[in-house]
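With the hints as your guide, set chain B onto chain A.
Residue numbers (my numbering), protein chains in the order written: chain A, 83 to 396; chain B, 83 to 396.
If you're looking for bench data, these hints aren't it; they were derived computationally from the structure. The reader is advised that the hints may include incorrect statements.
If several chains are the same, the list does not tell them apart, and a pair holds so long as it fits within one copy or across any two.
Stated by the list, open to error - Only pairs whose alpha carbons sit at most 30 angstroms apart, straight line, appear in this in silico DSSO-like list of lysine-lysine:
#1 Lys216 with Lys154
#2 Lys297 with Lys136
#3 Lys285 with Lys269
#4 Lys269 with Lys297
#5 Lys269 with Lys394
#6 Lys394 with Lys136
#7 Lys124 with Lys285
#8 Lys136 with Lys151
#9 Lys285 with Lys346
#10 Lys285 with Lys309
#11 Lys124 with Lys181
#12 Lys342 with Lys370
#13 Lys370 with Lys260
#14 Lys342 with Lys285
#15 Lys136 with Lys309
#16 Lys136 with Lys370
#17 Lys370 with Lys394
#18 Lys151 with Lys124
#19 Lys151 with Lys171
There are 2 protein chains.
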Amino acid sequence: MENIVDIILDAEQIAILTHTSADGDALGSSFGLAFAMEYLGKNVSVFLEEPIPKSLDFLPGQQFVSEYKGNKFELCICLDTSDMTRLGKRADIYSCAQKTITIDHHTTNTMQADGLWIDQRASATGEMVYNLIKALNIEVTRDIAINLYTAIVTDTGGFRYSNTTPESHIITADLLSKDVPFAEIIKRVFDTVSYSKLLLLRKALQNLTMHFNGKVAVSYLLYDDIKSVDAQTDDFEGLVNVGRNLEGVEVSLFLREETKHIFKGSLRANEYVDVAQLASIFSGGGHKRAAGFSSEDNLQNTIDKVLAEIEKVL
Amino acid sequence: MENIVDIILDAEQIAILTHTSADGDALGSSFGLAFAMEYLGKNVSVFLEEPIPKSLDFLPGQQFVSEYKGNKFELCICLDTSDMTRLGKRADIYSCAQKTITIDHHTTNTMQADGLWIDQRASATGEMVYNLIKALNIEVTRDIAINLYTAIVTDTGGFRYSNTTPESHIITADLLSKDVPFAEIIKRVFDTVSYSKLLLLRKALQNLTMHFNGKVAVSYLLYDDIKSVDAQTDDFEGLVNVGRNLEGVEVSLFLREETKHIFKGSLRANEYVDVAQLASIFSGGGHKRAAGFSSEDNLQNTIDKVLAEIEKVL
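Here chain A stands alone, though its shape is the one from the complex (with noise of 0.2 angstroms):
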């Protein structure tokens, strides 16, 4: 980290980026990060691809995002992304700086940087900025604080993800010291249901059955209802955990009628079932107890051929 240290303290004029579709890390880090280079008294100018999301449109420095105009930097920090074509239409940005620092702690990272650091352990890119805050002798203030914590309790799921460490904690204790409202936080990010999601889970719950004594539960969308409610891609997200949280459930299936009779298949297992076996029968595949399949058959025979195969492992 050293190395980034001295890159940092050397540089005027800083941009920082990060990925495409930011999420709460990605934003958090970069804001929180753009605080601190400003106590350092640097000309620092963050730019995003798109709009902050409305879940997280309360963090604070978006003062510091700017609209690229083609000038080159002294210094480009990357943040949380794993690759160029994840910077999107920015990648010049990174490309032209006069050095570069990439911080990540996706194990897949492939960037070139004049500062590399990678830590797969750091369960949110936050955690590495406030590390690295740290060793700058900054003082965490309250914004950073609100950012940092953002990018912690997002990419861990609220502390529930098996990223989280005990390091995640101990930083996020050094956080609420700063009067971090987290509790509306958590509100903002996790609580917050728009109303085309309410709508898919209503209907999913409508057609939801459940097979083999309670064992298995399976539910699905059709591609009428999915356009009737304009919904977003991540509108379906966890609506194959509604089954898979069910007491007794085994195995969830879900099925979402992308285009007219295709289906996606999701299959989930809570203890024993090897599902990416049982999706590798369909050409799909994923983990043991979470993977994937498509289909091109009916709804019907869709679900009747799965269930089939699900009984005899069940």
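What follows is chain B alone, placed relative to chain A:
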């Protein structure tokens, strides 16, 4: 706390009690402390009012649970219990013990004890047991860590409730370093839904309507719907939040026909509406953003009256 350490070190036969309807903090604190007492060579028994709920039956330490045979104890330690009525049929075990200790984080605690330790800043009694175990110089084993993690995570709603403190995270960091399977614990205590609860959610979603440009969500469950799914009391928990969590909603009203023709109303607000004030119009009460009332009027009249009052303050 020294007083409490001395009382513990002096006793050989120890009974541990917690409140009726024991939850994650009650059971986690009890079993965590029981392991520590065993480490000190004490003869320790935990007495419970009811069987351990399914969602918590993974907790280690259930071998300490005993049936009460009328004997008197040298020391009875009561955890997370604000008054004697919450000891149910086990009140005598506490009353008849030679020495008593009470450890609790409820501000309303009215217990008498030789060693009384109330700390309302603690997010969970499990935090206090952690500090006691440290004061006793006992190693936090994996079994203890699983119990205390469960105590803290359940009483803070997964570090989401406003009672969460930096201390909660610091203690959790230490507990996680003991190889606690936290992702599995989270799944058991938060993500498992009973089938009856799912059926109520499905019905509540079917009954959901939006009013005043999406600012108000209304839903209800009728007596016969509730009866037909053999619902438990806690199956209703959170149904009012389905409406409250919808993007753009300020007030959520949820009505449940508790007995024939009597509706129990729950009101929640997000930002500015004072629902305690609204509830008081219907002889109810509560907090500014969470309140309740009863209505013996029919469903449609009740909804119309409440909506008319909400409209005035939107």
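Here is what the structure says about each hint:
1. Lys216 with Lys154: within (28 angstroms within a copy, 56 angstroms between copies)
2. Lys297 with Lys136: Cα proximity of Lys297 and Lys136: across copies only (17 angstroms, versus 38 angstroms in one copy).
3. Lys285 with Lys269: both (24 angstroms within a copy, 24 angstroms between copies)
4. Lys269 with Lys297: between (33 angstroms within a copy, 17 angstroms between copies)
5. Lys269 with Lys394: For Lys269 and Lys394, only the inter-copy Cα distance (26 angstroms) is at most 30 angstroms; the intra-copy one is 42 angstroms.
6. Lys394 with Lys136: between (45 angstroms within a copy, 28 angstroms between copies)
7. Lys124 with Lys285: neither (52 angstroms within a copy, 57 angstroms between copies)
8. Lys136 with Lys151: Within. Shortest intra-copy distance 26 angstroms satisfies the 30 angstroms Cα cut-off; inter-copy 60 angstroms does not.
9. Lys285 with Lys346: For Lys285 and Lys346, the Cα distance is within 30 angstroms both inside one copy (17 angstroms) and across copies (27 angstroms).
10. Lys285 with Lys309: both (13 angstroms within a copy, 23 angstroms between copies)
11. Lys124 with Lys181: within (15 angstroms within a copy, 64 angstroms between copies)
12. Lys342 with Lys370: within (29 angstroms within a copy, 48 angstroms between copies)
13. Lys370 with Lys260: between (41 angstroms within a copy, 26 angstroms between copies)
14. Lys342 with Lys285: For Lys342 and Lys285, both the intra-copy (18 angstroms) and inter-copy (29 angstroms) Cα distances are at most 30 angstroms.
15. Lys136 with Lys309: within (22 angstroms within a copy, 40 angstroms between copies)
16. Lys136 with Lys370: between (34 angstroms within a copy, 25 angstroms between copies)
17. Lys370 with Lys394: within (16 angstroms within a copy, 54 angstroms between copies)
18. Lys151 with Lys124: within (19 angstroms within a copy, 73 angstroms between copies)
19. Lys151 with Lys171: within (13 angstroms within a copy, 75 angstroms between copies)
Taken one by one, the earlier hints fail for this structure only at number 7.
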